[in-house]
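Letter by letter, the chains look like this.
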Amino acid sequence: MDIKLTINGKEIEVPQGTMLLDACRKAGADIPTFCYDPDLKLAGSCRMCVVQPQGWRNLVASCVTPAQNGMVIDTESPDVVEARKVVLELMLTRHKLTCHTCEKDGDCNLQDYCYRYGVTESRFEGKIHNLFKDDSNPFIERDYDKCVMCTRCVRACEEITGARAINVMDRGYHAHIATAFDGELEDSPCVFCGQCIMVCPVGALTSKIAAGKGKPAQNEKVLTTCTYCGTGCTLELNVKNDEIVGVTSNRDAEWSPVNKGALCVKGRFGWDFVNSPERLTTPLIKENGEFRPASWDEALDLAAEKINGIKEKYGPDSLSMFSSARVTNEENYLAQKLMRAAIGSNNVDHCARL
Amino acid sequence: MTNSINELENDAKCVFLIGTNTTENHPVIGYKIRQNVLKNGAKLIVADPRRIELAELADVYLPFKPGTDVALFNGMMNVIINEGLADRKFIESRTEGYEAMAEVVEKYPPEVAAEICGVDAADIIKAARLYAESEASSVCYAMGLTQHTTGTDNVKSCCNLALLTGNLGKPGTGVNPLRGQNNVQGACDMGALPVVFTAYQAVTNDEARAKFEKAWGVTLSGVNGLTLTKTINKAYEGEVKGLIVVGENPMVSDPDLHHVEEALDKLDFLLVQDIFLTETAKKADVVLPGVSFAEKDGTFSNTERRVQRVRKAISNKGDARQDWEILCDLSTRLGYPMSYNSPEEIFEEIRTLTPSYAGMNYARLEGTGLPWPCPAEDHPGTPILHKEKFNRGLGLFHAIEYLEPAEVINEEYPIILTTGRSLYHYHTGTMTRKAKGLDEHMPENVIQINSALAKAKNIVDGEIVKVTTRRGSIKLKAEVIDGIRENVIFTYFHFAEAAANVLTNAEVLDPVAGIPEYKVSAARLEKL
Numbered sequence: 001m002d003i004k005l006t007i008n009g010k011e012i013e014v015p016q017g018t019m020l021l022d023a024c025r026k027a028g029a030d031i032p033t034f035c036y037d038p039d040l041k042l043a044g045s046c047r048m049c050v051v052q053p054q055g056w057r058n059l060v061a062s063c064v065t066p067a068q069n070g071m072v073i074d075t076e077s078p079d080v081v082e083a084r085k086v087v088l089e090l091m092l093t094r095h096k097l098t099c100h101t102c103e104k105d106g107d108c109n110l111q112d113y114c115y116r117y118g119v120t121e122s123r124f125e126g127k128i129h130n131l132f133k134d135d136s137n138p139f140i141e142r143d144y145d146k147c148v149m150c151t152r153c154v155r156a157c158e159e160i161t162g163a164r165a166i167n168v169m170d171r172g173y174h175a176h177i178a179t180a181f182d183g184e185l186e187d188s189p190c191v192f193c194g195q196c197i198m199v200c201p202v203g204a205l206t207s208k209i210a211a212g213k214g215k216p217a218q219n220e221k222v223l224t225t226c227t228y229c230g231t232g233c234t235l236e237l238n239v240k241n242d243e244i245v246g247v248t249s250n251r252d253a254e255w256s257p258v259n260k261g262a263l264c265v266k267g268r269f270g271w272d273f274v275n276s277p278e279r280l281t282t283p284l285i286k287e288n289g290e291f292r293p294a295s296w297d298e299a300l301d302l303a304a305e306k307i308n309g310i311k312e313k314y315g316p317d318s319l320s321m322f323s324s325a326r327v328t329n330e331e332n333y334l335a336q337k338l339m340r341a342a343i344g345s346n347n348v349d350h351c352a353r354l
Numbered sequence: 355m356t357n358s359i360n361e362l363e364n365d366a367k368c369v370f371l372i373g374t375n376t377t378e379n380h381p382v383i384g385y386k387i388r389q390n391v392l393k394n395g396a397k398l399i400v401a402d403p404r405r406i407e408l409a410e411l412a413d414v415y416l417p418f419k420p421g422t423d424v425a426l427f428n429g430m431m432n433v434i435i436n437e438g439l440a441d442r443k444f445i446e447s448r449t450e451g452y453e454a455m456a457e458v459v460e461k462y463p464p465e466v467a468a469e470i471c472g473v474d475a476a477d478i479i480k481a482a483r484l485y486a487e488s489e490a491s492s493v494c495y496a497m498g499l500t501q502h503t504t505g506t507d508n509v510k511s512c513c514n515l516a517l518l519t520g521n522l523g524k525p526g527t528g529v530n531p532l533r534g535q536n537n538v539q540g541a542c543d544m545g546a547l548p549v550v551f552t553a554y555q556a557v558t559n560d561e562a563r564a565k566f567e568k569a570w571g572v573t574l575s576g577v578n579g580l581t582l583t584k585t586i587n588k589a590y591e592g593e594v595k596g597l598i599v600v601g602e603n604p605m606v607s608d609p610d611l612h613h614v615e616e617a618l619d620k621l622d623f624l625l626v627q628d629i630f631l632t633e634t635a636k637k638a639d640v641v642l643p644g645v646s647f648a649e650k651d652g653t654f655s656n657t658e659r660r661v662q663r664v665r666k667a668i669s670n671k672g673d674a675r676q677d678w679e680i681l682c683d684l685s686t687r688l689g690y691p692m693s694y695n696s697p698e699e700i701f702e703e704i705r706t707l708t709p710s711y712a713g714m715n716y717a718r719l720e721g722t723g724l725p726w727p728c729p730a731e732d733h734p735g736t737p738i739l740h741k742e743k744f745n746r747g748l749g750l751f752h753a754i755e756y757l758e759p760a761e762v763i764n765e766e767y768p769i770i771l772t773t774g775r776s777l778y779h780y781h782t783g784t785m786t787r788k789a790k791g792l793d794e795h796m797p798e799n800v801i802q803i804n805s806a807l808a809k810a811k812n813i814v815d816g817e818i819v820k821v822t823t824r825r826g827s828i829k830l831k832a833e834v835i836d837g838i839r840e841n842v843i844f845t846y847f848h849f850a851e852a853a854a855n856v857l858t859n860a861e862v863l864d865p866v867a868g869i870p871e872y873k874v875s876a877a878r879l880e881k882l
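From first to last, the protein sequence lines are chains A and B.
Here the first sequence is numbered in the numbering used here, starting from 1 and rising by one per residue.
Here the second sequence is numbered in the numbering used here, starting from 355 and rising by one per residue.
Certain hints may be false.
[Said to hold, decoys possible] In silico SDA-like cross-links for lysine to any residue, where the CA-CA straight-line distance does not exceed 25 Å:
| hint | chain 1 | residue 1 | chain 2 | residue 2 |
| --- | --- | --- | --- | --- |
| 1 | A | Lys286 | B | Lys588 |
| 2 | A | Lys286 | B | Ile435 |
| 3 | B | Lys419 | B | Ile445 |
| 4 | B | Lys671 | A | Pro277 |
| 5 | B | Lys584 | A | Pro189 |
| 6 | B | Lys393 | A | Pro189 |
| 7 | A | Lys306 | B | Asp639 |
| 8 | B | Lys393 | A | Leu40 |
| 9 | B | Lys637 | A | Ala304 |
[Said to hold, decoys possible] In silico negatives: residues of chain A with every beta carbon more than 10 Å from chain B:
| hint | residue |
| --- | --- |
| 10 | Asp2 |
| 11 | Ile3 |
| 12 | Lys4 |
| 13 | Glu13 |
| 14 | Gly44 |
| 15 | Gly126 |
| 16 | Ser188 |
| 17 | Ala217 |
| 18 | Glu254 |
| 19 | Ala325 |
| 20 | Glu330 |
[As the list claims (entries may be wrong)] Now the in silico label distances, taken between C-beta atoms and shown as ranges:
| hint | chain 1 | residue 1 | chain 2 | residue 2 | range |
| --- | --- | --- | --- | --- | --- |
| 21 | B | Glu731 | A | Trp255 | 39 to 47 Å |
| 22 | B | Ala806 | A | Ala175 | 40 to 48 Å |
| 23 | A | Ser77 | B | Glu487 | 54 to 62 Å |
| 24 | A | Ser295 | B | His612 | 32 to 40 Å |
| 25 | A | Ser136 | B | Lys881 | 49 to 57 Å |
| 26 | A | Glu278 | B | Glu840 | 25 to 33 Å |
| 27 | A | Gln68 | B | Asn436 | 38 to 46 Å |
| 28 | A | Gln68 | B | Asn394 | 53 to 61 Å |
Just so you know, the hints here were simulated from the structure itself, not pulled from any lab data.
In this text, a Cβ means the ideal position worked out from N, Cα and C, and glycines have one as well.
I would like the entire structure built from these sequences, with the hints used as guidance.
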């Protein structure tokens, strides 16, 4: 059953049970959030999404308040704006403002909302905790001096990956994200999938492999399919100056049908082999047991001469080919076509059995 | 897979994992199974000699002896039949061969199966009931099931179990192989196999051959070709003289590496096309530099048969060339000119010869891709196979007796060695060993040893030990754990410098699939 409500003067209809946040967004309102994530359980904790229902005594957190028939909502009333400013100021009391060197610069909710509401500094004085975690793992940087305690990382760890490596430790102003006994990730059930990085709205969790190579907000992103196992996860290759500088997630099921942005350690952190100085960049010919660089014409001519020589002397079935479970369909098609049509043998296989 | 990946998170009421360490080898599928158990209360059965991560969540964990899969399946089916849990309606309307199968299965009451498998009969009974009584049960397997001399029998047993309980053709059910490589499904679909053209059209079928002869303008051989493992053996015997290797690394991935090396050394000519100077490329006469996934356009087909786009992000490195261009250049020089303007143009040719891909084109693949079969441009693709009927009409039961693995332990080789992959590396390590974080996190090979066995041999965690089989020995670091059967040791095959495949057996293969028995070698473990 649908219900009717008015949001910023606009009347809309939504199914009963719809949360106010979704109703507001449907009406075109831009509601800021930190803890809300459409794929995770609701936390209702950051209070950034507050809106003002006409006739109600208090502002309500729209992410956890069901829309009601006849509600009249203002999403940017002076009270709402003031409340959001206070939330931001409170966050700034323990947020290390190093935007100029932050990986998330340009793609940070805290930065965007402070800009939007003109919050340049905090009127509150907080004790700086020095929560940066010097964690020796090679994948995930844990700079909790930038954490806004939205707990999306905790929920993603539990609800997407199921590793349950982290949780909130201590309470109130001292609350922070930690593994059991506040240790390092290597000693926890963490599997370094980086789902925590995917959902972090600020720069508290970032990739050590991509660090310093290019801010994701400024990188070109190319959607492709992962090169490792057969699951077929979609990922975004981050490109800067014609080089791969990172991997990020696309969480839209219309573009990431299998994994909805979730990845594993290899998909998220195993991309830098592409830039290895050991990559082959020229054809090689072996002479007297040593390789020497060769031109394409020379290498291809030699290969064709040898292959045709063997074919003439011993017949096509004295040749064989291993195609590859790593290359594309198009390349596998051409490989078997070459073996069958150009050489004349069905001796073509690949490592499906291995 | 007969069914799709997301059904494992949303639709399956019971998931039976056998021979798949899902959270390490297909991590994202592993997450989904775990969430189904945690959020929806799906039942989980895990059969594996190693206490894998998902075993911790299992309703039944069967730490069975490597190579006894058929006995386990027959034991479960015995319980299902004798307790009246079989889906009679499905058996009658959709299958044939039930009687012969049931006759064999009758010989495997749970106590007999339990004795062979080294597990409790009560657990076999519990697993059988969970699988048969759940509304939708899915069995998933990987190389733990297939890399045996009885690999084909093991897979057929899997199918028997699904047929017996009607767990096919519906959401959340199915026989679901989790395939280990980004495009192993596609390589098979594209006919990179010695017996078929694209879409599994047999090279021995005159009609299929005529179709390809017409399209390609040549006469084609109707003789089945050599499998990879047979090619190595024929090279060793001097019958195969020349080998072209495109992006594979048999010098690490194939069984009995000493044998592989001798075979490659005997070749008159070895051509390798790759992105790194792999252990195999080092043996080559000519090496041609191709490009990585980040540098190419094309498509991969995943384990659920979904064809998805691969998109070029950066330019070729140095003087490297697109792999499809290299193949065209070589073919042209061999006297059979091939020329295309783009991977898309190649895909358009594939469609015309491949019925299951006929309805696909790059525009349709743009968003979510399409699972085959997709026979026409207005066809939505097929996430679930065998809904109304099977390819052959009725589903066929196979009567399968348990056979011992090729190598059984004896006094000289008293321990079972089994091999596999780690979460942190991929196949022969060509890529992951050059990924900084992955290699730093897991820089060397280890051998997992049960703590009781380690104690008996006076081996402590972290010390270097020697493992020997009839093929050879390697030295590597001991990792003493509790989560592995007492008389089984496990190692990874990613590491060329402590290569597990020095130890594995190339001589005895599955008679149908030609797959090597990576999961069972008789071995000796020594303290140094």
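Practice problem: Verify the proposed pairing of B:Lys584 with A:Pro189, using a straight-line Cα cut of 25 Å. | Solution: Violated, at roughly 43 Å.
Quiz item: Taking 49 to 57 Å as the hint, is the beta-carbon distance of A:Ser136 and B:Lys881 inside that range?
Solution: violated, 31 Å
Quiz item: Is the hinted pair A:Lys286 and B:Ile435 satisfied, with a Cα-Cα distance of at most 25 Å?
Solution: violated, 63 Å
Self-check item: Satisfaction of the hinted span 25 to 33 Å by the C-beta atoms belonging to A:Glu278 and B:Glu840
Solution: violated, 41 Å
Self-check item: Consistency of the no-contact label for A:Gly126, given chain B and a CB cut of 10 Å
Solution: Nearest chain B Cβ is 34 Å from A:Gly126, so the label holds.
Self-check item: Status of the given 32 to 40 Å range, CB of B:His612 versus CB of A:Ser295
Solution: Once the Cβ atoms are compared, 36 Å apart, the range 32 to 40 Å for B:His612 and A:Ser295 holds.
Quiz item: Beyond 10 Å from chain B, beta-carbon-wise, is A:Asp2?
Solution: At roughly 26 Å from the nearest Cβ of chain B, A:Asp2 sits farther out than 10 Å, so the non-interface label holds.
Quiz item: Since A:Glu13 was said not to touch the interface, does its Cβ keep a gap of more than 10 Å from each Cβ of chain B?
Solution: Nearest chain B Cβ is 28 Å from A:Glu13, so the label holds.
Self-check item: B:Glu487 and A:Ser77 - C-beta distance against the hinted 54 to 62 Å
Solution: For A:Ser77 and B:Glu487 the Cβ distance comes to about 57 Å; the hint holds.
Exercise. Please work out if B:Lys419 and B:Ile445 have their alpha carbons no farther apart than 25 Å.
Key: violated, 30 Å
Exercise. Taking the shortest Cβ-to-Cβ distance between A:Gly44 and chain B, state whether it exceeds 10 Å.
Key: holds, 20 Å
Quiz item: Is the nearest CB of chain B more than 10 Å from the CB of A:Lys4?
Solution: holds, 32 Å
Consistency note: the structure conflicts with the earlier hints numbered 2, 3, 5, 18, 19, 20, 21, 25, 26, 27 and 28.
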